[in-house]
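Chemist: For reference, the chains in residue letters:
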Amino acid sequence: MLAIEARGLRKTYGGGFSRGAGKEALAGLDLAISEGAAFGLIGLNGAGKTTFIKALLGVVRPSAGVVRVLGKDPEDPSARAKIGYLPERLFLPHAFTPVQFLASVARLKGISEADDEVRRQIGRVGLSGEEGRRIGGFSKGMRQRLGLAAALLGGPMLLVLDEPTDGVDPLGRAEIRRILAEERARGATLFLNSHLLSETERVCDRIGILSGGRLLREGPIEALCGSETRYRVRFAPPLDAAALEALGFRPGEGDGVFVVDAPDPTALNDLLDRARRTGARLVGLTHDVRDLEDVLAEALGQGGERGHA
Amino acid sequence: MKSFVVARDLLREAASRRWFLALGLGITLGLVVIGLSLRMDVVDGALAATRFFGKSVNTQIRAADLALRPVFVASSYLIFYGGLLFGVVACADFGPSLLAPGRIEHLLSLPVRRFELIVGTFLGVLALALLGALYGAGGLVLIFGVKTGVYSGRLIVSALLASVTFSAIYGAMLTVAIAARSAALSAASGGALVLLGIVAGERERISEFFDPGISRTIFRGITLFLPRVSSLARSAGEIAGAQPVDSAALTSLLLGLVVFGLAALSLGIHLFERKDF
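Sequence lines, in order, name chains A and B.
Position 292, counted from 1, in the first sequence is what this note's numbering calls 292; the numbers after and before it change by one each time, with no gaps.
Position 173, counted from 1, in the second sequence is what this note's numbering calls 173; the numbers after and before it change by one each time, with no gaps.
FYI, nobody ran anything at the bench for these hints, they're computed from the structure.
Watch out, some of these pointers could steer you wrong.
Claimed, not checked - One-sided and incomplete, this derived list gives chain B residues near chain A with beta-carbon spacing under 7 angstroms:
#, residue
1, 2
2, 105
3, 112
Treat the numbers as computed from the prediction; the structure is a model and nothing was measured.
The C-beta atom is built at its ideal place from N, Cα and C for all residues, glycine as well.
Extracted from the complex, chain A is given alone in its bound form (with noise of 0.2 angstroms):
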């Protein structure tokens, strides 16, 4: 079964007889999540990710196309009991002590008897000791933590996660990282929006690009980055081509550059071997692997601007 589904979603927000035709979220996405996956939404400000977000929990309704969660329509509380959202800036009761907010988000999420699951959702993100203070005393990465815990209340199906590491600290993410793990590992689909690409790139296995309301890209994370198969290898001219193609080496961006698959060293020294004998002369070889700013960059039309900046 699919987590997310949205066909043909469209957002506008404003707009109408006075405001003209407003501006456009939303414009035309489609995306399909299976149920386990673990999905990173990245793109610039702007790009609707927050709106996309917004449509799946049914706090903005779409002016146009589908949006499904967990196969139920997201103004549904039955689909919502089963999703843990953390938004990108949790607005917390500052008289509030953590056990009484999560106490509070629990009722609301209908969780009898939430005691237990509240001080085990306390020790888990690390907040354990703090159970008496003021939620208005709390560092911000205190406060990240206690959003996390509220959105894992319950053991939720689908965890939809706005910048889950912002204001914490390095051993803080890792800790995040272990958890956002441990949920997957118990079944949990996992949705998550964030600057740090770098965090959603060790966290996430499919990856989607958002540009204008638009998704450019989207795949699991080794076709879009390239994969640890996959090799770039370098040739002195001269060289002939043709012959390497027909090796199954395929051009790559630069002179004398080529990209080959090679599924272990033994495949790979035996290719370079059969190159050889074609007259090509290796002189570079590097894993085809770039990071996801590289990624971004290009499919937003960038990569050019970044090699000269």
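Fit chain B to the supplied structure of chain A, relying on the hints for placement.
Modeler: Below, chain B alone, put in the same frame as chain A:
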């Protein structure tokens, strides 16, 4: 019902706000001062002497319950108008606070229906108004009861009427807050409704000042839909002072108040259901 969870959280939040801490402290201080500084000598059910801060207050010797009536009437007006004004100022922020960025998205992501959030906020403020009125009026009744032996629940009924009046006005304030997300506009609408409600309560007399015709019709038309604040305050005073109350007129006033409050709340829920956050 999830609305009660929202209402309970609102009460907890209110307990930490300075406005409400000051109200609780003020009421408590007032009751303590009255309790400690007021001395009333009752002989055979008649109030023989009264001393306030040790100074004799000139009173005729008369039945204690009769002697207390003006005090209860004055207290009733104080609770009614004081409570309305305090409520308008102190509760104006609850609506915008519910809709604060980062909070409303989180609440709407939970398995709660949208109307439950609004109803919960309304119920929380209603409970707050009832608690404040009951504490103040109940405290006065208790103090005068202990000092004179006259225990009358009329002041409490009068205070409940003030709470219900405020709740109807708060329904409109909440609707304004939903539409504009502004505490200032919410408070301004509450203040305007109190003033217009005072005018509406006197609409029969005031309409005489307008020339018969379109201006009088417009005035009567506008004030027709407003809660009759001054009439309700007068009725509350009459109840507290054990004066005869026109029950048919009071029932009509209360029905009008309930219709106004529910209509305002329904409009607020309608706006909230359609709104994106």
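Chemist: Take the hints in turn and mark each one as holding or not.
Modeler: Each hint, compared with the structure:
no.	hint	result
1	2	holds, 6 angstroms
2	105	holds, 5 angstroms
3	112	holds, 5 angstroms
Checked against the numbered hints above, the structure breaks none of them.
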